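Chemist: Sequences listed follow chains H and E, in order.
To convert, take the position in the first sequence, counting from 1, and add 122; that gives this note's numbering.
To convert, take the position in the second sequence, counting from 1, and add 85; that gives this note's numbering.
Everything labelled a hint here was simulated from the structure, so no lab data went into it.
The structure displayed is predicted, hence computed values, not measured ones.
Careful, some of the hints might be misleading.
[What the hints assert, rightly or not] Sample of chain E residues facing chain H (criterion: CB under 7 Å; computed from the structure): (1) His-137; (2) Ser-143; (3) Asn-174; (4) Tyr-251; (5) Glu-254.
Every residue, glycine too, gets a C-beta built ideally from N, C-alpha and C.
Below are the chains, spelled out letter by letter.
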Amino acid sequence: MKYFTTLILSLLLSTSIMASSTTKEHTVYVKGMVCAFCAQGIEKSFMKQPEIEKVTVRLEEHKVTLTYKDGQTMEAARIATLLEASGYTVDETRTN
Amino acid sequence: MQGMKNIKSLIISLLCLYPVMSLGHPTSFQGATSLMNESTSMTRHMMLTYSHRYWLASAAHYTRLELESENNAIQAGLLGVNTLLKRWNNPTSQGNVYLSAAHGREFKKGISDRQITRGDFDIDWEDRRFYVAAGYTRYFRQRESNDPMLYKDIQIKKFRVGAAPYLGEFKELNTWIILEAMQVQNQTVSITPMFRFYYNNVLWEIGSSLRGDWMFNFMVHYL
Numbered sequence: 123m124k125y126f127t128t129l130i131l132s133l134l135l136s137t138s139i140m141a142s143s144t145t146k147e148h149t150v151y152v153k154g155m156v157c158a159f160c161a162q163g164i165e166k167s168f169m170k171q172p173e174i175e176k177v178t179v180r181l182e183e184h185k186v187t188l189t190y191k192d193g194q195t196m197e198a199a200r201i202a203t204l205l206e207a208s209g210y211t212v213d214e215t216r217t218n
Numbered sequence: 086m087q088g089m090k091n092i093k094s095l096i097i098s099l100l101c102l103y104p105v106m107s108l109g110h111p112t113s114f115q116g117a118t119s120l121m122n123e124s125t126s127m128t129r130h131m132m133l134t135y136s137h138r139y140w141l142a143s144a145a146h147y148t149r150l151e152l153e154s155e156n157n158a159i160q161a162g163l164l165g166v167n168t169l170l171k172r173w174n175n176p177t178s179q180g181n182v183y184l185s186a187a188h189g190r191e192f193k194k195g196i197s198d199r200q201i202t203r204g205d206f207d208i209d210w211e212d213r214r215f216y217v218a219a220g221y222t223r224y225f226r227q228r229e230s231n232d233p234m235l236y237k238d239i240q241i242k243k244f245r246v247g248a249a250p251y252l253g254e255f256k257e258l259n260t261w262i263i264l265e266a267m268q269v270q271n272q273t274v275s276i277t278p279m280f281r282f283y284y285n286n287v288l289w290e291i292g293s294s295l296r297g298d299w300m301f302n303f304m305v306h307y308l
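This is chain H alone, in the form it adopts within the complex:
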């Protein structure tokens, strides 16, 4: 019984960590982000948001990874709105 309880608790804990790690970062693929100046505008725009800890840009993959502050996250619709306000669009075919 003790082993069974430990197993259940371990499973619950690992699920919680996985959930936490999935909300800590958000990756979006961006249409039109082709140069360093494009990336700079996107980085500035997201870094102004209180939820954001760090913005990582990979130009080669047209990818932006948003790292959130502890316990915070951002709706996908808001991410799309911020990108559109910067002049870019989310690549829906590549972003889940």
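Using the hints, position chain E against chain H.
Modeler: Here is chain E on its own, set in the frame of chain H:
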């Protein structure tokens, strides 16, 4: 009137503190202040912009053009707006159409104050590896003479193609090799191979035309 002249001189002096030039998108991300300077042995165009939206910017210009006829040379200060008319955001590329207009005064030595209007139409397309751009600029000048050769409108046409020899990442040095063809009025087309570099918030271009005329462009974004 004297006060206005002093302010004008101050603005021009401040702009001239940046002995460089640049060529880039005439609008930038919201809240960005950009300084661009484009210089050749015959022309100089400096532009300070503030982007209210990614598609709309206010712009202050200083421009100088040396032409074959002294009477048609231009030195002027202008204020205007730059607009992004259309952007195509593709998964791996971007295309843009820009329209800009500005109005101001000529103040070339020996020429009385006369009004001048500048219009620009620019298109570009780029991906990570290739770049193509074309631009048309026209200066509409105030005429006070019946002589059609005096103070005539000036037009500048530009066409560029470029390629990146390697794919630089964000916050790394990015390099492009570009070939530019430029024609001022009906003069011979000037062909200029150049290097373009990006690093962080700074872009600069260095080249020399096939006739040996130097070119130096510069652009910086501030927040």
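Chemist: Each hint needs a verdict: does it hold in this structure or not?
Modeler: For each hint, the structure was consulted:
no., hint, verdict
1, His-137, "violated, 12 Å"
2, Ser-143, "violated, 17 Å"
3, Asn-174, "holds, 3 Å"
4, Tyr-251, "violated, 11 Å"
5, Glu-254, "holds, 6 Å"
Of the numbered hints given earlier, the model fails hints 1, 2 and 4; all others are met.
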